[in-house]
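S.K.: Produce the entire structure from the sequences given, and follow the hints as far as they go.
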Amino acid sequence: MVEDKIRLLIVEGRRYSGLSDELLRGATQAIEAHDADFDVITVSDALQIPAAVALAEEAGHRPVGVRYDGFVALGAIIRGETYTFEIIANETARGLQDLAIGKRLAIGYGVLNVDDEDQAWTRAKVSEGDRGGHAARECLELVALRRQLLGAGR
147 MVEDKIRLLI VEGRRYSGLS DELLRGATQA IEAHDADFDV ITVSDALQIP AAVALAEEAG
207 HRPVGVRYDG FVALGAIIRG ETYTFEIIAN ETARGLQDLA IGKRLAIGYG VLNVDDEDQA
267 WTRAKVSEGD RGGHAARECL ELVALRRQLL GAGR
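Each residue of the sequence shown is one higher than the last, beginning at 147 in the numbering used here.
Be careful, since some hints might not be right.
Calculated pairs, DMTMM-like style, for lysine to aspartate or glutamate (alpha carbon to alpha carbon, straight line, at most 20 angstroms) [what the hints assert, rightly or not]:
(1) Lys151 x Glu284
(2) Lys271 x Glu178
(3) Lys151 x Glu287
(4) Lys151 x Asp183
(5) Lys151 x Glu203
(6) Lys249 x Glu287
(7) Lys151 x Asp185
(8) Lys249 x Glu203
(9) Lys151 x Asp181
(10) Lys271 x Asp167
(11) Lys249 x Glu237
(12) Lys249 x Glu204
(13) Lys249 x Glu284
(14) Lys271 x Glu284
(15) Lys151 x Glu178
(16) Lys271 x Asp261
Ranges of calculated distance between the beta carbons of each label pair, as one might list FRET restraints [stated by the list, open to error]:
(17) Tyr229 x Pro209: 38 to 48 angstroms
(18) Asp261 x Ser163: 18 to 28 angstroms
(19) Glu263 x His207: 33 to 43 angstroms
(20) Asp150 x Leu201: 18 to 28 angstroms
(21) Ala205 x Gln265: 29 to 39 angstroms
(22) Val186 x Glu237: 15 to 25 angstroms
(23) Gln243 x Gly211: 22 to 32 angstroms
Don't read these hints as lab results, they were simulated from the structure. Ideal placement from N, C-alpha and C gives every residue a C-beta, glycine not left out.
M.R.: Next up, the structure:
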């Protein structure tokens, strides 16, 4: 049986556009190296990423929707002077984990949770932490695992 080509959706929070560009660069390089297809959608903030993934997953079950094998979540949450950092970081991670387990979705987590912009750049740069690439590879691993366990192309 020939497996269908893998198709991923990258959902990126663009609050920090430079960091988002670097995370996206790492993710797309990893996906292209795997010869998979991908689409990209953007939201303004990391907290919106779980909702965007849920909407895309639901749309994939409609006649005109695109069905994705997995999702790559990219963004940055940088600690500020208020408690908001903890709320956004925790709820973004919780929302994505709930989707991964509840709907059995393959999701690669590339949302940086850092104290300052220097830490974010160290983790985002393809030449250093390459968190975008890691998230894409994690997603691809989960897609492969699902295919192995289910014995199906999708």
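S.K.: Given the hint that Lys151 pairs with Glu178, test it: the Cα-Cα distance must not exceed 20 angstroms.
M.R.: Holds, at roughly 12 angstroms.
S.K.: For Gln243 and Gly211, compare the CB-CB distance with the range 22 to 32 angstroms and indicate the outcome.
M.R.: 23 angstroms, holds
S.K.: Is the straight-line distance between the alpha-carbon of Lys271 and that of Asp261 20 angstroms or less?
M.R.: 16 angstroms, holds
S.K.: For Val186 and Glu237, compare the CB-CB distance with the range 15 to 25 angstroms and indicate the outcome.
M.R.: 23 angstroms, holds
S.K.: Are the Cα atoms of Lys151 and Glu287 separated by 20 angstroms or less?
M.R.: This hinted pair holds, its Cα atoms lying about 14 angstroms apart.
S.K.: Given the hinted pair Lys249 and Glu204, is their Cα-Cα distance within 20 angstroms?
M.R.: This hinted pair holds, its Cα atoms lying about 10 angstroms apart.
S.K.: For the pair supplied as a hint, Lys271 and Glu178, is the alpha-carbon distance within the 20 angstroms limit?
M.R.: 18 angstroms, holds
S.K.: Do the alpha carbons of Lys151 and Glu203 lie within 20 angstroms of each other, as the hint requires?
M.R.: 18 angstroms, holds
S.K.: Could one say that the CB atoms of Tyr229 and Pro209 fall in the range 38 to 48 angstroms?
M.R.: 44 angstroms, holds
S.K.: Within a Cα-Cα threshold of 20 angstroms, do Lys249 and Glu203 meet the stated pairing?
M.R.: 9 angstroms, holds
S.K.: Given a hint of 33 to 43 angstroms, does the C-beta separation of Glu263 and His207 actually sit inside it?
M.R.: 39 angstroms, holds
S.K.: Between Lys151 and Asp183, is the straight-line Cα distance small enough, at 20 angstroms or below?
M.R.: This hinted pair holds, its Cα atoms lying about 7 angstroms apart.
Of the numbered hints given earlier, the model fails none.
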